[in-house]
Every structure is written in C-alpha cells, then in structure tokens.
Amino acid sequence: MRYLPLTPGDREAMLARIGVPDIDALFDSVPAAVRLQGDLDLPGHKSELEVERELGALAAKNTSAGQVPFFVGAGAYKHHVPASVDHLIQRSEFLTSYTPYQPEIAQGTLQYLFEFQTQVALLTGMEVANASMYDGSTACAEAVLMAHRLTRRKRAVLSGSLHPHYRAVVETLSHYSDADVVAMPAGPEDADLAAAIDEETSCVVVQLPDVFGGVRDLSALAEAAHAKGALLIVAVTEIVSLGAIRPPGDMGADIVVAEGQSLGNGLNFGGPYVGLFATRQAFVRQMPGRICGETVDVEGRRGFVLTLSTREQHIRRERATSNICTNSGLCALAFTIHLSLLGEVGLRRLASLNHAAACALADDLTELDGVELVTPAFFNEFTIRVPGSGAEIIDQLAKKGVLGGVPMSRLMPDEGGAGDLIIVAATEVTSDTDRAAYRACLQEVLGA
Amino acid sequence: MSGEARDKRAPEPMARIERTFSGNAGLQIEEPLLFEVGRTEISGVDLPEPSNDKPRFGGLERQGEIGLPGLTEPEAMRHYVRLSQKNYAIDMGTYPLGSCTMKHNPRLNEKMARLPGFADIHPLQPQSSVQGALELMAMLADWLCEMTGMASVALSPKAGAHGELCGMTAIRAAHEAKGVKRSVVLVPESAHGTNPATAALLGYDVKAFPAREDGTVSVDAVREAMSDDVAGIMLTNPNTCGLFERDIVEIAEAVHEKGAYFYCDGANFNAIVGKVRPGDLGIDCMHINLHKTFSTPHGGGGPGSGPVVFSKALAPFAPVPFVERQGDACRLVETGEAAGDATPFGRLTAFHGQMGMFVRALAYMLSHGADGMRQASEDAVLNANYLRAGLSDLMSQPFGDQPCMHEVLFDDSFLKDTDITTHDLAKALIDEGYHPMTVYFPLVAHGAMLIEPTESESRAALDGFIAVMRDLAQSAQGGDVARFRDAPRYAPRRRLDETRAAREPVLRWRDGNVRQDDAAE
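Order-wise, the sequence lines are chains E and R. Numbers in the working numbering are just positions in the first sequence, counted from 1, shifted up by 1. Numbers in the working numbering are just positions in the second sequence, counted from 1, shifted up by 2.
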C-alpha cells in the first residue's frame with residue numbers, strides 16, 4: 002500500500018517492543034461482540050491509475066463551465082484565476098499545515114491571514130475583518146447571531162431579495178436556537194423593509210447586488226435600522242462587484258458578510274468556498290471565527306498570532322460566541338493571492354469588464370420578443386422575464402449546449418411569480434461568441 | 003486541536019541571538035507585508051481595456067481609492083513562497099498533533115479534485131449536466147454508510163463543528179416531531195470545546211460529567227445523569243484521551259431507554275475504520291472529518307468537511323440537500339417539499355457541501371480499499387502504542403500505562419519540580435525540528451500532551467521522535483531550564499507576545515503601523 006510506510010517486519014518488531022502478541026490485542030477495549038469480523042463490504046485497494054480511470058469517468062459525465070457558453074451565477078461565479086494562484090496554494094507548507102496554533106512556526110499562514118483581513122476590510126469599507134468563515138451563507142447566519150448578541154434582541158428581518166439558500170440557512174439556525182425571523186415575500190421588488198423594523202428587531206439582512214442582480218443604495222435603510230437600535234447586515238455574493246460599486250461600509254452597514262469564491266477559487270460544484278466577515282472595530286469582541294493580530298516576539302520583531310481567543314469554544318466552551326473552530330484557510334489564501342495579483346487597478350478593470358459583458362448581454366437578450374429586463378441597475382448579473390417557464394427554457398438551452406442561467410423557480414419553488422424569471426450572469430470570461438450563441442439559442446427556443 | 007495556557011515566565015531576552023544586517027538567516031528570509039511591497043498602480047493580471055459607454059450601476063459607482071496594492075507575478079511568487087517557508091508542514095516532518103490527525107495528503111487526491119468535470123462545474127447547473135458529480139456524492143455516501151453501519155448521510159456540513167450542529171439539530175428536530183421539549187445535553191469534561199458550544203447554540207443546557215479513573219465514561223455515571231429532560235449525549239469515541247469507550251454499547255442503551263439520542267463526535271474515527279462500526283454500537287449520529295480520517299488537506303486551518311451519518315431513527319430529519327438514486331440517474335433533493343416521506347430539518351449551507359473535499363476523500367477511499375483502510379487504522383494504533391512504549395518510562399500518563407488507540411496522552415507530572423511547563427517543552431520541540439504535540443488538551447489531564455503520530459510515520463521516523471522526546475525529558479529532569487525557557491531559538495520567530503496582541507488588537511495593516519525595521523529597534 003503506497004501510503005503506509007510500515008513493513009510486515011516493522012509491525013512484528015513493534016508489537017514485540019510494545020509487548021503484545023498481535024494487533025488485535027491493542028483493540029481489546031472494543032467489545033468483542035461488536036468487533037468486525039473480516040473486512041468491510043467494499044472493494045480492495047487500487048493503484049493510482051485505476052483510481053484516475055474510475056474518477057475520470059465520473060468527471061467526464063459532467064459538462065464543465067469552460068466547455069460551453071456559460072451564464073450561471075446566483076451565488077457562485079465563473080472567473081479566470083491566474084495560474085500562479087493554484088501553484089502557490091499547493092506549496093506543501095500551505096497545503097499540509099494545520100491551524101497556526103504554534104505561531105513561531107506558522108508565520109506564513111498568519112501573515113497571509115493578516116493580509117487577507119486587511120484586504121477584506123478595505124474591499125467592504127469596514128474597519129476589521131476575521132480570518133474567514135466556511136462560506137457566505139454560514140457567515141450570514143453567524144452575522145445574525147452576532148447581531149442578536151450585540152442588541153440583546155432575537156428577531157431578524159430578512160429582505161425578499163436575499164439569496165434563498167442564505168435565507169434558509171438563517172431560518173434553520175434561528176428556528177433551532179429559539180430566535181425569530183421576519184422574512185419578506187421573495188421578489189425583485191423588495192417590500193418596504195424599513196417598515197418591518199421595530200424595537201424588537203436585532204438586524205435587517207439585505208443582499209447587494211441582490212439575488213436578482215439588482216443594485217441599490219442602502220443608506221436610507223441603514224438609517225432606519227439604526228433609528229430603531231437595529232443593525233444592518235449586508236451580504237455580498239459577488240465580491241468582484243465591490244471593485245465597481247460603493248462598499249456597504251460606506252452606506253452604513255454594521256456587518257458585511259460575503260462569498261469570496263470569485264477571487265482565487267473555482268466553482269467546485271458549491272464548495273469549498275470562503276466566507277468573508279467584516280464589522281466595526283467596536284464589535285470585534287462579538288465577532289465569530291478566528292482572528293489574526295499583530296504583535297512582537299521577545300526580540301521585538303514583528304510577528305502575528307491568533308488572538309482574542311477568549312471568544313472561542315476551546316476556551317469558553319458553552320459560553321463561546323460560536324461553535325466554529327475552522328476557517329477556510331487555503332481558500333482565503335487563494336483569495337488573497339488573486340487579489341494581490343490584481344491590485345487596485347486590476348480589480349477595477351476586472352469589475353468594469355464584468356459589468357460591460359453583462360450590459361452587452363442584457364441588450365442582446367432583451368432584443369428578443371417577450372424577453373424583459375427585470376433589474377434596471379445591476380453589476381454582472383441580472384434577471385430576465387421570459388414568455389414561458391424559466392426552468393423549461395433553461396433545460397432546452399442546455400440541450401442546445403448553452404448553460405443559460407438559473408431559473409428562479411429552482412431557488413424559489415414556492416413563489417408563484419418566479420416561474421418566468423431567469424437569473425443570468427456574465428463575467429470577463431464571457432466572449433462575444435458566447436453571447437451570440439446564447440441569443441441565437443434563446444431565439445430558437447422561444448420561437449419553437 | 004490545541005489550546006494554550008499562558009506562560010508568564012517570558013524567555014530571557016538576554017539569550018538574544020546575533021542577527022544579520024538584513025535580519026535574514028540563510029534560507030530564512032524576512033518578508034514585509036503585501037501592503038509594504040505592493041503598489042496600487044501595479045497589476046499582475048493583464049486585462050483588456052473595458053469599453054462600456056453607459057454603465058448601469060444606478061448611481062452607485064465606487065468613488066475614491068480602495069487602497070489595494072498589486073504585485074506582478076514574479077513579485078507575488080517571491081512574496082508567497084517566502085511566506086510559505088515560515089510554516090511547518092506534514093510534508094516536512096512528523097506533525098504529531100493529537101486529535102488533529104496530520105496524516106499524509108496524497109497528491110492523487112489533489113489531481114482528481116482539479117479535473118474540470120469536478121472543479122469547473124456550477125452548483126446550480128441543470129442536474130442533467132452534472133450526473134457524474136451527483137453519482138460521486140451518492141458513491142461517497144454509500145461508502146460512508148458501509149464504513150459506519152449507519153442508515154443515511156448528510157454531506158453538506160462544511161467542517162467538524164458544522165457537522166456537530168447538523169447532528170444536534172437533527173436530535174432537536176426529532177424531539178420536536180414527537181412534541182417534546184427537552185433542555186439538557188450531557189457532555190463529558192474531556193470533550194472538545196465545540197461539543198458544549200454546539201449544544202449551547204441550540205439552546206440546550208450543558209451538563210458536564212467527569213470520567214472515571216481510567217479515563218473513560220462509565221455507564222453508571224451516564225445512568226445517574228440521565229433524566230426525561232435529557233435530549234441527548236455527546237460522546238467522542240475513541241475519546242480525547244485516546245481510549246475506546248468500553249461501556250459504549252451499555253451507554254447507548256441507557257440513553258435510548260430514556261428516549262434520548264446518542265451523538266458521537268467522530269473526530270477520532272480514523273482509529274477504528276474497518277475494525278468496528280459506530281452503527282453497531284448504538285450511535286444515532288456522528289460527524290466524520292474528511293480532513294482527518296480521509297486525508298483531505300488541513301490547508302493551514304481549513305477548508306474542512308464534516309458529513310454526518312444518521313441511524314434509522316434520525317435519518318428522516320437529515321437536512322437538504324441530498325442525493326437520491328433513481329435507476330441509473332441521480333437526483334438532487336434541494337427542498338423539504340421535494341423530500342418525499344422525509345422531514346428535513348432545514349438547510350445548513352448554500353449549495354451542496356464541500357465537493358472538492360468529497361472528491362479527495364473518495365480518491366483516498368478507493369486507493370486504500372477495505373483492506374487498506376483497516377490496515378491504516380491498525381498502523382495508526384500501532385504507531386501510537388510504539389511511541390507510548392518508547393516514552394512511558396520517562397513521561398507520565400494520567401490514567402496509567404495502558405494500551406491506547408491512535409493517540410497517546412501524557413500529563414506534566416514528570417516535569418514536577420523542574421520549573422519547566424508543557425508549554426516550554428512544546429517550544430523546545432520546535433528547536434529540534436518537530437511540530438509540537440497538542441498541548442493543554444484534553445483539560446482532564448494536567449498540562450496535557452496529546453501525541454498522534456498517524457499511520458503515515460515510518461518506524462525510523464518514530465524512533466527519531468522518541469529519541470528527541472527522551473532527550474528533552476532527561477534534559478528537563480536534569481535541570482537544563484534555559485533549553486526550554488528560551489525556546490524556540492531557531493524558528494522564524496521566537497516566542498510571541500500573545501497578551502499584547504489581545505490587549506491592543508491590531509487586526510489589519512494601516513499606513514503607519516509598526517514596520518519590521520521600526521519594531522526591531
């Protein structure tokens with residue numbers, strides 16, 4: 002077995018050194034009645050070549066984004082990641098190290114986390130950020146719990162244009178932790194959120210750009226929330242958007258959570274991704290997750306450590322701010338490397354290219370009879386209303402080799418009004434040929 | 003897994019080592035922060051000039067400079083390669099962190115996860131276009147169910163603690179379905195901190211109870227703690243002292259008798275794969291750390307993956323999404339309405355879980371097979387006991403010298419009267435070229451040192467580690483305090499001031515922060 006260094010001779014000599022007759026003697030504490038007799042009912046070991054063939058056959062059954070004109074977004078986005086990013090994150094010292102609990106031999110991890118935290122704070126327009134969360138949706142649920150702690154209230158108001166998966170994660174956690182959720186009816190024309198905020202409200206959660214792709218100013222909502230003593234939580238699922246539009250911190254957000262997948266990380270069928278979490282300096286002791294901070298060593302040299310760990314479960318146990326004990330380290334590294342390659346000018350240009358591609362696509366598609374643009378202001382994705390079932394149209398487009406977006410009915414099966422809506426995304430990888438193919442295929446499908 | 007107690011006796015600044023002019027030391031090269039080397043007008047990505055005469059941001063254009071520095075590719079390579087060289091890693095040497103399972107991460111797994119058919123597919127593509135991915139998830143679920151003897155699995159939890167949340171939520175949902183509200187969860191004192199934190203998150207009162215003298219939980223203690231108000235018990239098996247809970251079958255019976263459920267923390271499942279199945283022990287749910295038992299890389303602290311297996315009793319409450327086989331095809335069930343007779347408790351995350359980790363874990367499973375996985379567990383246990391045999395005469399064990407599972411626990415009584423702490427010993431190991439073991443966990447052992455070698459270590463590597471540990475123990479007992487108190491001397495940094503970091507938190511770079519050259523003055 003290529004991964005196991007012990008030889009049969011080693012095992013024999015080691016058992017003798019331990020002073021037991023055989024390996025089963027070391028499993029004596031396992032009740033005999035339940036010990037497995039013989040091997041599990043699974044195949045035996047395989048060579049690299051055999052495993053590659055078996056998994057390669059499964060991979061080949063999938064249509065990958067790079068193979069076809071591709072317009073799927075709604076929380077995860079196809080971007081081009083520079084080759085050096087994947088090379089760097091596969092360095093053994095990054096890939097095969099643990100959480101930096103021994104900071105003297107983990108300065109590499111700690112320093113990039115400090116860089117990551119700074120980048121996230123700058124992007125979101127907030128004062129501080131943590132060292133990352135599992136993903137955007139879990140970060141969003143943790144933000145709601147944090148708002149409950151800060152306000153000593155237990156009711157969150159959720160926008161109707163918050164990604165339905167994010168909404169479901171918040172609702173699930175709230176239900177089982179005895180907190181309330183007031184969820185607005187789902188739809189692109191969000192109800193009057195400000196009117197739903199009262200003295201019991203801990204926070205109001207909105208997405209920017211929202212799940213329909215729409216972009217709007219949240220300043221008035223922030224003021225309305227603050228007037229009632231509630232916090233504004235803004236969720237961003239497309240972090241590249243902050244290279245072009247005003248950051249939530251500028252509009253009065255108290256907590257910004259985001260999905261960072263777009264920078265450095267592939268689509269990966271939904272994970273692993275990287276959650277971003279940023280807030281005000283004053284709230285830092287209620288922030289969940291790992292935090293990296295600057296300090297000095299005994300010789301006065303600058304160094305970094307995990308800090309404020311008195312919030313965390315390994316110290317506080319049942320009084321911890323969260324049960325989280327992991328971040329998304331390697332994905333955060335990919336994010337940080339990609340963003341440092343882009344830099345200010347690169348990010349801004351990337352954001353402009355995304356927006357230009359989406360504008361051109363929106364123009365192309367709305368030229369077709371019966372196709373309407375639902376979101377007048379957007380970043381790199383928008384929602385169209387189609388004459389017919391969005392889900393059926395997406396299936397027919399897929400048969401023609403175009404992955405044309407996400408039918409809103411898949412995310413909002415309960416919403417009657419969602420049946421004819423499709424969320425469409427375009428990024429810097431969308432070519433003129435891709436757009437032409439989409440337009441032509443959609444025309445055929447609608448004409449049929 | 004590790005916690006660190008504060009050591010107030012700072013190392014001697016007198017022991018300062020001469021520094022070179024640059025602060026570098028051979029291959030150890032100082033590296034400033036990105037914000038000190040990058041420039042906002044530089045980019046390492048060539049992009050075409052955008053052409054868009056009518057932006058549609060609705061007046062929300064971002065104004066002013068963001069302040070993000072850029073690096074060209076050669077600068078980025080140097081910056082991050084230099085940073086990487088300040089980290090210890092499994093690929094460099096023995097990394098015996100107890101409870102963390104720092105086993106070898108096969109590179110085949112990385113290659114498989116990067117196949118475009120897995121890495122470049124979107125979670126919301128039409129299901130017809132991702133049948134291979136759904137089949138992989140179904141296959142992983144089948145393997146996990148067979149290995150654990152459980153009825154179903156939720157793949158979506160993103161890490162071990164997220165898996166705990168999944169399992170405990172299912173328990174709460176199961177009680178709610180019966181119309182009962184129970185308020186207490188039993189957690190032994192030796193548990194991971196995530197256990198009580200998870201139970202508390204779900205509104206439960208945590209009732210801690212001690213282990214008996216041999217380090218395991220007795221069925222009598224559980225019976226005594228049980229009541230009609232207990233929703234469930236959270237027990238790690240093998241436990242955090244590296245011992246198999248020998249009363250576990252009776253404990254499960256005692257829990258079930260009172261209508262409660264048994265949550266097993268599966269952090270240490272790697273000791274028993276192919277030897278005993280949790281389902282045969284009476285467990286109702288258990289999370290599995292794919293990043294421990296099934297070798298997906300720890301990545302400097304994530305991403306992890308924590309699927310949860312369920313007994314028949316809890317299976318109906320498992321969250322969405324999950325994959326169902328329908329003849330030759332696979333269907334992803336994404337909502338409760340589409341779940342048929344099942345009553346999912348809800349959703350834990352956007353999308354479907356850590357697909358990248360599913361591919362890696364399945365590559366590990368296929369590579370090892372049933373025989374290889376049993377052998378891996380046996381070798382992990384053999385290696386831990388070999389370390390125990392090599393060290394037990396010089397070090398002290400809190401529960402006596404008895405066979406352990408995949409990790410061996412020592413306490414600090416062998417350091418009594420030496421003026422050297424567990425913390426000091428850990429730092430001295432760094433100077434010897436090793437990553438320290440887990441220290442000060444579990445809390446039930448004073449000055450705990452939890453050593454987990456894993457099956458990836460050769461006999462020669464174990465002999466080397468034993469020799470170093472013996473030398474350190476003898477040196478400590480011989481009174482060579484400086485060797486410990488001044489350690490580490492040869493790492494990229496010496497001991498860092500954690501009190502200062504927490505008291506005056508500096509959590510991001512700002513122009514004007516202390517720079518390297520200022521700090522050293």
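If you are wondering where the hints come from, they were derived from the structure by calculation, not from laboratory data. This one's a predicted model, so the numbers in the text were calculated from it and none came from an experiment. Cβ atoms here follow ideal geometry from the backbone N, Cα and C, with glycine treated the same way. Treat the hints loosely; a few may be bogus.
With a cut-off of at most 30 Å between alpha-carbon atoms, the simulated BS3-like pairs for lysine-lysine come out as follows [claimed, not checked]: (1) E:Lys155 / E:Lys229; (2) R:Lys260 / R:Lys314; (3) E:Lys400 / R:Lys314; (4) E:Lys400 / E:Lys62; (5) R:Lys113 / E:Lys62; (6) R:Lys113 / R:Lys180; (7) E:Lys155 / R:Lys113; (8) E:Lys155 / R:Lys314; (9) E:Lys401 / E:Lys62; (10) R:Lys180 / E:Lys47; (11) R:Lys183 / R:Lys209; (12) E:Lys62 / E:Lys47.
Pairwise CB distance ranges, derived in the manner of DEER restraints [to be verified]: (13) R:Asp222 / E:Met2: 28 to 34 Å; (14) E:Asp199 / R:Met79: 31 to 37 Å; (15) E:Thr367 / R:Ile31: 51 to 57 Å; (16) E:Asp40 / R:Asp207: 41 to 47 Å.
Derived list of chain E stretches under chain R, where covered just means 3 residues or more per stretch with a C-beta under 8 Å from a C-beta of chain R [unchecked claim]: (17) 156-162; (18) 229-235.
Is the straight-line distance between the alpha-carbon of lysine 183 (chain R) and that of lysine 209 (chain R) 30 Å or less?
16 Å, holds
Just to be sure I understand the hint, the distance between the Cβ atoms of threonine 367 (chain E) and isoleucine 31 (chain R) should be within 51 to 57 Å; is that true here?
55 Å, holds
Run the distance test for lysine 155 (chain E) versus lysine 314 (chain R): straight-line Cα separation, threshold 30 Å.
34 Å, violated
Would you mind confirming whether the straight-line C-alpha gap from lysine 401 (chain E) to lysine 62 (chain E) stays at or under 30 Å?
17 Å, holds
Per the hint of 41 to 47 Å, is the separation of the Cβ atoms of aspartate 40 (chain E) and aspartate 207 (chain R) within bounds?
43 Å, holds
Is lysine 260 (chain R) close enough to lysine 314 (chain R), meaning Cα to Cα at most 30 Å?
18 Å, holds
Would you check chain R against the region 229-235 of chain E, counting CB to CB pairs closer than 8 Å, and say if three or more residues qualify?
Check failed, 0 qualifying residues.
Please check whether aspartate 222 (chain R) and methionine 2 (chain E) have a Cβ separation lying inside 28 to 34 Å.
About 42 Å separates the Cβ atoms of aspartate 222 (chain R) and methionine 2 (chain E), which means 28 to 34 Å is violated.
So if I understand the rule, the pair passes when the alpha-carbon distance is 30 Å or less; does lysine 113 (chain R) with lysine 180 (chain R) pass?
Violated, at about 47 Å.
Given the hint that lysine 155 (chain E) pairs with lysine 113 (chain R), test it: the Cα-Cα distance must not exceed 30 Å.
At roughly 46 Å apart (the allowed maximum being 30 Å), lysine 113 (chain R) and lysine 155 (chain E) break the hint.
Regarding the pair lysine 113 (chain R) and lysine 62 (chain E), is the alpha-carbon distance no greater than 30 Å?
17 Å, holds
Check whether the Cα positions of lysine 155 (chain E) and lysine 229 (chain E) lie no farther apart than 30 Å.
Holds. Lysine 155 (chain E) to lysine 229 (chain E) sits at ~14 Å (cutoff 30 Å).
Against the hints set out earlier in the document, violations occur for numbers 3, 6, 7, 8, 10, 13, 14, 17, 18.
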